[in-house]
Amino acid sequence: MSNEQILKTSKLTKSFGNLIAVNHVNLEIYKEEVVGLIGPNGAGKTTFFNLITGLEIPDEGQVVFKGTDITAIPPHKICQLGMSRTFQVARSFTEMSVEEVIRVGAYNRKKEKEVQEKVDWVIKFFELEDIRNYKCSDLGLASLRKVEVARATATEPDLLLLDEVGAGLTSTELFRLMSEIKRLNQETKITICVVEHVMQMVMGLCERIFVLDAGELIAKGVPSEISNNQRVIEAYLGRRGYSESSSAS
Amino acid sequence: METIIQGVFNGALMGCTYALIALGLSLIFGVMNVVNFAHGDFVMLSMYFTFWAGSIWGVDAALTPLITFPLLFSFGIIVYYGLINRTLREHYTIQIAVTVGLMTFLRAITQLVWHAQPRALPYSFIQGNIHLGGYVIALSRLTSATISLIIIAGISFFLSKTWPGRTIRATSDDLDAASLMGVDFQKTYALAFGLGSSLTAIAGSLLMTFQQVDPTMGLRFGLLSWCILALAGLGSIPGLLISGLIVGVGESLAMTFWDPRARSLVIYLIFILVLWLRPRGIFGRK
Ligand SMILES: Nc1ncnc2c1ncn2[C@@H]1O[C@H](COP(=O)(O)OP(=O)(O)OP(=O)(O)O)[C@@H](O)[C@H]1O
Ligand SMILES: [Mg+2]
Chain B
1 MSNEQILKTS
11 KLTKSFGNLI
21 AVNHVNLEIY
31 KEEVVGLIGP
41 NGAGKTTFFN
51 LITGLEIPDE
61 GQVVFKGTDI
71 TAIPPHKICQ
81 LGMSRTFQVA
91 RSFTEMSVEE
101 VIRVGAYNRK
111 KEKEVQEKVD
121 WVIKFFELED
131 IRNYKCSDLG
141 LASLRKVEVA
151 RATATEPDLL
161 LLDEVGAGLT
171 STELFRLMSE
181 IKRLNQETKI
191 TICVVEHVMQ
201 MVMGLCERIF
211 VLDAGELIAK
221 GVPSEISNNQ
231 RVIEAYLGRR
241 GYSESSSAS
Chain D
1001 METIIQGVFN
1011 GALMGCTYAL
1021 IALGLSLIFG
1031 VMNVVNFAHG
1041 DFVMLSMYFT
1051 FWAGSIWGVD
1061 AALTPLITFP
1071 LLFSFGIIVY
1081 YGLINRTLRE
1091 HYTIQIAVTV
1101 GLMTFLRAIT
1111 QLVWHAQPRA
1121 LPYSFIQGNI
1131 HLGGYVIALS
1141 RLTSATISLI
1151 IIAGISFFLS
1161 KTWPGRTIRA
1171 TSDDLDAASL
1181 MGVDFQKTYA
1191 LAFGLGSSLT
1201 AIAGSLLMTF
1211 QQVDPTMGLR
1221 FGLLSWCILA
1231 LAGLGSIPGL
1241 LISGLIVGVG
1251 ESLAMTFWDP
1261 RARSLVIYLI
1271 FILVLWLRPR
1281 GIFGRK
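Quick note, the sequences are listed as chains B and D, same order.
Going by the numbering used here, 2 is the number at position 2 of the first sequence; the sequence numbering is gapless.
Going by the numbering used here, 1185 is the number at position 185 of the second sequence; the sequence numbering is gapless.
If you are wondering where the hints come from, they were derived from the structure by calculation, not from laboratory data.
Just so you know, even glycine gets a beta-carbon here, dropped at the ideal spot from N, CA and C.
Some clues are possibly wrong.
[Said to hold, decoys possible] Label-pair distances were calculated between CB atoms; the ranges are: (1) T170(B) / R1278(D): 36 to 42 Å; (2) I1150(D) / K77(B): 35 to 41 Å; (3) A1097(D) / E60(B): 34 to 40 Å; (4) Q186(B) / G1101(D): 55 to 61 Å; (5) T188(B) / Q1186(D): 27 to 33 Å; (6) M203(B) / G1101(D): 55 to 61 Å.
Sequences are here, hints too, so could you generate the full structure?
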């Protein structure tokens, strides 16, 4: 981790009707770090990703990426600037082969001549050689998730956002994916922000953690701080304890 | 028996050009989910341009695609940025209203400029017949079918092997995901609309080597391409070709054995049967 900021949001806000999904969120991510964004269901994590990648327009606030104000500029431009992401529900181009999907990503930065080289590198890095000619619609969830990360990596982002890439995987598959993400960060220096429910994964992977609850940023810090933070325990774990005790009484 | 075979031959040759028209529609609909009701009238417009090029400058109909292809491509891009683009976020009824409006407008314009009577060109330099056994095949129809097939194969290659083609497929699959891979959907939509429209230019010019044109023809081509698309479903070019052949042959047999005026009726019938029995088309992906 360096001390140069790659992303900074200030007072980022988005509501859907009466519901404030993201509420005045200020956070900053530094170059080359791996950070986690956690929070209970409906906390606004995906909406936060949508806001910074341009899929949703914020009602209020600002997003600065690598020194450029990117609030409300279209997604493809943000991608060209160097931000890429995966989706909570795996979204590959179903009719394409694994290699083609990665190729679409690779064209973001590379010209025709260099694309193949990039594609080969990504396929090798994520160990996708065996399935490179498979159609995405024929893949299992674990491979699909990996292809999605590979596709995002192929765009050569400076900041990579991963929205619950571990959801639905077995613990072995999760562990594999986690070590690949870690290796990606170490070898390519890509800054990574993961949204994850599996605590084990977040704690093991991230240098710093942000906690969202009901749209608000309620805590940030290193993993040990977060796991001892009273507000986080209340919001994240305590609520379950509360509902259990209330249902018992 | 011989009349049947002759009818099947003629119909199959027409079917190739029909498939080319439907491919244009399929590109547009598949990528941006916009129902272009004016598509058939683009064919008609191309036929009139061909007529113009032929009667004013003496350009042979078989060569006019060189003029009409870029013309209709630009026209498609203009229509996209001028009209379609603004309706993308609207309810689909607004899109229908806009393209139906365009259809009516084009028809009215052609009636003004070329009047209602049918127009035809003197014979193209591709003329004469081939005699095969007892059957006669018009060389102009054979050439049209062949060129249509070549263009369809070319488009298929373009979609599967080139970067712009891949952006079209990626965008039609998942717009958001494609945008986040750096694909500018506006450019991709404009390209798809331009390309979809320019295919009607080729088809229109080819048809003028053996047909006449009148301002009401657009409706028939529109209907025909919808029928082929419904039959084929989205995403399969071979399926589109087979569906084109089915419609072409169906139409031709109806004209030989029933009544020339029954041609549209048969197309309607196929259309309704498909929607009723198998709404996603015979070869459709979803
Ligand atoms: N397009 C939308 N329209 C209306 N409400 C929305 C929309 N998108 C999200 N929401 C609401 O905003 C809130 C935050 O949703 P979001 O998907 O960001 O949560 P999340 O933290 O990603 O949750 P999860 O862990 O379940 O993925 C939820 O209450 C959700 O119902
Ligand atoms: Mg989410």
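In this structure, is the beta-carbon distance linking Q186(B) and G1101(D) contained in 55 to 61 Å? holds, 58 Å
- prompt: Would you say the C-beta atoms of M203(B) and G1101(D) sit inside 55 to 61 Å of each other?
  reply: holds, 59 Å
Whether the CB-CB distance between T170(B) and R1278(D) falls inside 36 to 42 Å
holds, 39 Å
task = Could you see if the CB distance from I1150(D) to K77(B) stays within 35 to 41 Å?
result = Holds - the Cβ-Cβ distance for I1150(D) and K77(B), about 38 Å, lies within 35 to 41 Å.
Quick check: does the Cβ-Cβ distance between A1097(D) and E60(B) fall within 34 to 40 Å? holds, 35 Å
Range first: 27 to 33 Å. Now tell me if the beta carbons of T188(B) and Q1186(D) are that far apart.
holds, 31 Å
Of the numbered hints given earlier, the model fails none.
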